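So the protein lines, in turn, are chains A and B. If you count by numbering that gives the first Met the number 0, then the first sequence holds residues 0 to 242, one letter each, in order. If you count by numbering that gives the first Met the number 0, then the second sequence holds residues 0 to 242, one letter each, in order.
For the record, the hints were derived by calculation from the structure and aren't laboratory data. The structure displayed is predicted, hence computed values, not measured ones. Cβ coordinates follow ideal geometry from the N, Cα and C atoms, glycine included. Just to be clear, a hint being listed does not mean it is correct.
Examples of chain B residues toward chain A, derived with CB under 7 Å [said to hold, decoys possible]:
#: 1; residue: 70
#: 2; residue: 160
#: 3; residue: 217
Covered stretches of chain B, going by a simulated chain A footprint (3 or more residues, C-beta under 8 Å) [stated by the list, open to error]:
#: 4; stretch: 46 to 59
#: 5; stretch: 130 to 141
#: 6; stretch: 204 to 216
The following label-pair restraints were derived from C-beta to C-beta distances [as the list claims (entries may be wrong)]:
#: 7; chain 1: B; residue 1: 40; chain 2: A; residue 2: 27; range: 32 to 40 Å
#: 8; chain 1: B; residue 1: 237; chain 2: A; residue 2: 121; range: 28 to 36 Å
#: 9; chain 1: A; residue 1: 163; chain 2: B; residue 2: 64; range: 47 to 55 Å
#: 10; chain 1: B; residue 1: 140; chain 2: A; residue 2: 63; range: 47 to 55 Å
#: 11; chain 1: B; residue 1: 100; chain 2: A; residue 2: 234; range: 42 to 50 Å
#: 12; chain 1: B; residue 1: 40; chain 2: A; residue 2: 141; range: 43 to 51 Å
Number of protein chains: 2
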Amino acid sequence: MTYCVGLCLEQGLVMLGDTRTNAGVDNISTFSKLQRVEVPGERVIGLATAGNLAITQAVWGHLQEGVFLDGQRLRLPDVLNMFQAARLVGAAVRAVFAADGPTLSAQGIGFDCSLLVGGQIGEEPPRLFLIYAAGNFIEATADTPFLQIGEHKYGKPILDRVLTYDTPIADGVKLALVSMDSTLRSNLTVGLPIDLLEVKRDELRVHQWRRMGEDDPYFAAVRQGWSEALRHAYMVMPAPDWA
Amino acid sequence: MTYCVGLCLEQGLVMLGDTRTNAGVDNISTFSKLQRVEVPGERVIGLATAGNLAITQAVWGHLQEGVFLDGQRLRLPDVLNMFQAARLVGAAVRAVFAADGPTLSAQGIGFDCSLLVGGQIGEEPPRLFLIYAAGNFIEATADTPFLQIGEHKYGKPILDRVLTYDTPIADGVKLALVSMDSTLRSNLTVGLPIDLLEVKRDELRVHQWRRMGEDDPYFAAVRQGWSEALRHAYMVMPAPDWA
C-alpha cells in the first residue's frame, strides 16, 4: 500500500509520499512515489502515485515520453495550465489502461491506480487534483484543501480537525508529517523514508524537496513532539465526571 | 458501518460502540451495538457487534435463546468463564451462518459480522475477545490491550501511540472517546449517540453504562478539549528547520 497527501493552501502546496511498496508482506521494496517537474520561473508540478506499481510507473513513463491530448503529443513541461496537466495525467492513465487493462482483467487483477497532481504554472494560483483510475479527476478547493491517495484513513482525522485553506504553509508541512506519522505507526504497508515537496505560491520553483528517513532531525522532532503532545493532552483532559 | 472498541486494562474493561447503521447512505438508522449481561457479584459481560445488522441481531437473539456448546444449551449467564463465553458467541455466529449463510451466499451477500466480547466472571481477571465471522477468535493481551471492529482505522493511531495495559481506566475511557470522536468526524457511517460500558476489575457488576449524544457534557468536553489540544500541539511544534 501507499500513503500520499497533498495540501493546497493559500500560501502554496505541500505534497508528501511514503516509499514502501509490497507484493505481499514478504516482498517489500522502496520506490519513490513522488515525482517533480520544474522549469524555474515558469512552472513547478508534483505527481504522487498510489496503486499497482507497474501501472503507476507506466503512467510516469508515458508522461515522460509524451501523451496525446487534443491531437497533440504533450509532456508536463508543455501544458498550458494545471487543468491541462490533470487532463494529461488522466490521458496517460487511459493509455496504460488501453494497453494493459484487458490482460490485467483477464488475469483477475484490478486496474488499481490513483494520483495527485499539484503545482503552479505561470500566473494561475497553485492547484491540486486527484486523478482516478478512469482518468477523470477532482480538484481541491478552499473548502477541502487536502486530497489523499492510498491508505488514507489513519492520517485523515488530524487533517479534518485542524487544516484549513488559510493554514500557514509551515504548519501545513507539520500537519502533513503528523498525518504521515500516524499512518506509518499504524500500518506496516506504509514505510520510511518519505518524500516531501513544498511549493510556495508564485515562486514557480521547488521550494523544498527532501527525503526524510529515521535520521531526519526535523521529522524525528515532529514524531517525538507529537507523541508527547498527545500524551500530555489526554492526561490534562478532565477525568470522566462519574469517576 | 460501525465502530466499536474494547480496552482490556489492568484496572478493568472499557467497551464503546456507536449506534449508526446504514443500508446505503440514504437509509440511516440508530441501533445499539453494545449489549450487556450482568449478574451482580458473579459476572458482567459486554458484547459489541459490527457488520450486517440482520446477522448481528440474529447472533444476539440466539445467545438469548441459548446456543448448543459441548452438548449443552447455554446462555451467557450460564458459562463458567470468559473463554467459554467467547466460544458460546462463536457458536452463535456459526448457528446463524448455518441458517442464513447459504441463502446470503446464493444472493451474493457476504457473511459480514465481527464481535467483541469482554467481561469478568468470578475470580478470573477481566478478558476481552474479538470473534470473527467464522466463529473463531483472538484475545487481547497486555501487549495489545485493545481490539477494534468495524471502521477501525481512523481511531487506531491514538490508541497505538498512547494506550498501554497499565493505563488507568479513567484515561482508557478518555482515549476510547477520543478514538471514537476521530472516527465520527471522519466517517459519516459512524454516528452518535455512543454507548459506553465500563467494568472495574473485581467489582463484578456494571460500573458505568452510559449513552452519550451531542448533549452529553463529558463527551462534549472531551471533543472540545481534544480539538483544542491538537491545535495547540501542532502550533507549538517547531517549524520546519528549512523555513
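These are the hints, each one checked on the structure:
Taken as an interface hint, residue 70(B) does not check out: its beta carbon lies about 41 Å from the nearest beta carbon of chain A, beyond 7 Å. Nearest Cβ of chain A to the Cβ of residue 160(B): about 6 Å, under the 7 Å cut. The hint holds. Below 7 Å, beta-carbon pairs count as interface contacts, and residue 217(B) has one with chain A at about 5 Å; its hint therefore holds. Counting residues of the stretch 46 to 59 of chain B whose CB lies closer than 8 Å to any CB of chain A gives 0, so the stated coverage by that chain is violated, three being the minimum.
Given as covered by chain A, the stretch 130 to 141 of chain B fails the check, having 0 residues with a CB less than 8 Å from a CB of that chain where 3 are the minimum. Beta-carbon proximity to chain A at under 8 Å applies to 3 residues in the stretch 204 to 216 of chain B; the threshold of 3 is reached and the given coverage holds. Evaluation of the 32 to 40 Å hint for residue 40(B) and residue 27(A) yields a failure: the beta carbon distance comes to about 52 Å. Checked against the given bound of 28 to 36 Å, the beta carbons of residue 237(B) and residue 121(A), roughly 34 Å apart, stay inside it.
Range check, residue 163(A) to residue 64(B): about 53 Å between beta-carbon atoms, so the 47 to 55 Å window is met. The hinted window of 47 to 55 Å between residue 140(B) and residue 63(A) holds, with their beta carbons roughly 50 Å apart. Hint check: residue 100(B) to residue 234(A), Cβ distance near 47 Å, so the stated range 42 to 50 Å holds. Restraint check, residue 40(B) to residue 141(A): a C-beta distance of roughly 59 Å breaks the suggested window 43 to 51 Å.
Of the hints listed earlier, those the structure fails to meet are numbers 1, 4, 5, 7, 12, in rising order.
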